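Novice: What follows is each chain in one-letter form.
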Amino acid sequence: MEKRLSQRSPDRLDATFAALADPTRRAILARLASGQASVTELAAPFAMSQPAISKHLKVLEGAGLISSSREAQRRPRRLEARPLGEATEWLEGYRRFWERRFQRLDALLDELKARSRKRGRKKR
Amino acid sequence: MKDTGALKVTAQGEREIVMTRVFDAPRRLVFDAFTKPDLVKQWLLGPEGWSMPVCEIDLKVGGRYRYVWRRDKDGTEMGMGGVYREIVPPERIVSTEKFDESWYPGEAVGTLVLVEQGRKTTVTQTVLYESREARDGVLKSQMQTGVAQSYDRLAKLLESMP
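Residue numbers (our numbering), protein chains in the order written: chain H, 1 to 124; chain P, 1 to 162.
The set of hints was computed from the structure by calculation and includes no laboratory data.
These numbers come from a predicted model, not from an experiment.
Keep in mind that the hints are not guaranteed to be accurate.
[As the list claims (entries may be wrong)] Quick look at which bits of chain H chain P covers, simulated, 3 or more residues with Cβ under 8 Å:
id : segment
1  : 13 to 21
2  : 108 to 121
[Claimed, not checked] Facing chain P, from chain H, some residues (calculated, C-beta under 7 Å):
id : residue
3  : Y94
4  : R95
5  : E99
6  : R101
7  : R104
8  : L105
Every residue, glycine too, gets a C-beta built ideally from N, C-alpha and C.
Could you put together the complete structure from these sequences and hints?
Specialist: Written as C-alpha cells, this is what we have:
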C-alpha cells in the first residue's frame, strides 16, 4: 500500500470528513458546485439565521473546502475542489479494493447456491 | 433497495466507515461465506497477486480469528486478526480487528449485519476506529496521491453521504 503521503493530507482529510458530516454543510457545497454565491444567497434556502450559516461557512473554510473572494464587497464563496477530490479518491480506492473481493464472493455464492440445489434434489 | 452488485462506501461521522452491498443469495449462504475458513479463503483476498495462506476462525464469543495474506512473487506477508464479541447466526457479527503492522493505535471494531429480503441479502459492514489518530493512520496508509479534481466527484461524494 502507498505510503508516500505528506503528514498534512491525513489531517486535512479528517477536517474534510468532519466538515462533510453535517447535512447543511453538504447542501451548501452542493449549491456552490453550481457556481459561487454570497452568504445571503447561501442562507436563502435554509430556515437559519445568517450567523448560523456563517458558522457553517467557517467550518467549511477551515477545512479548505471553500474560499471567499476578497475583491467584491459581497465576498462570494466558491468551492475548492482539491480537498474534496482527496476525500473521494480515498473512499473510491477503498471501494475498488472491496469491490474486487465482493465480485469473487458473488461467484462463490453462485457456486454454493448450485451445490445446495443439487443436494436438495438428491434428498427428494 | 436497489439490485445486487453496487458497493456503497460511505464515511459516517468522524470515526466510521460503512460499506453496503447486496448479494444474490440467501442469508445463511452469505453468513457461511463470511465465517467458514475454506469459503473465506476463496474471496477475501488481497490485491492482485496475493494469496491467503492462513485463515483461522474460532466462531464463538471470545474466540479469535486470524488472516494472513502473502504476495506470491516475493513472500511479503500481511496479517490481521481479532476477537469475536457478538455472534448471532446468520445475521450479525461484531469483532475487533487489528493488523500486525498496524498503522494505527488500538483496535478497530467491525460490525457485520446481514438482512435477507426476497432471497437477496444486504450486507452492511461498519468499521469503527478507536480514535482520530487511528483514522489518520488508516488514511495515511491507504490514500493515494495524484488526485484529480472534478465536480463530478463532488456530486458523487455528496450522494454517498446521506
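Novice: Now tell me if each hint is right for this structure.
Specialist: Taking the hints in turn, this is what the structure says about them:
Check on the segment 13 to 21 of chain H: 6 of its residues sit with their Cβ under 8 Å from a Cβ of chain P, so the three-residue criterion for coverage holds. Residues of the segment 108 to 121 of chain H with a Cβ under 8 Å from some Cβ of chain P number 6, which satisfies the need for three, so the listed coverage holds. A cut of 7 Å between beta carbons decides the hint on Y94(H): the least distance to chain P is about 6 Å, and the hint holds. With a least beta-carbon distance of about 4 Å to chain P, the hint placing R95(H) at the interface is held under the 7 Å criterion.
Checking E99(H) against chain P: minimum C-beta separation of about 5 Å stays under 7 Å; hint holds. The closest approach between the C-beta of R101(H) and any C-beta of chain P is roughly 6 Å, which is under the 7 Å cut-off, so the hint is satisfied. Look at R104(H): its Cβ gets to within about 4 Å of chain P, closer than 7 Å, so that hint holds up. Given hint, L105(H) at the interface with chain P, holds; its Cβ is 4 Å from that chain's nearest Cβ, closer than 7 Å.
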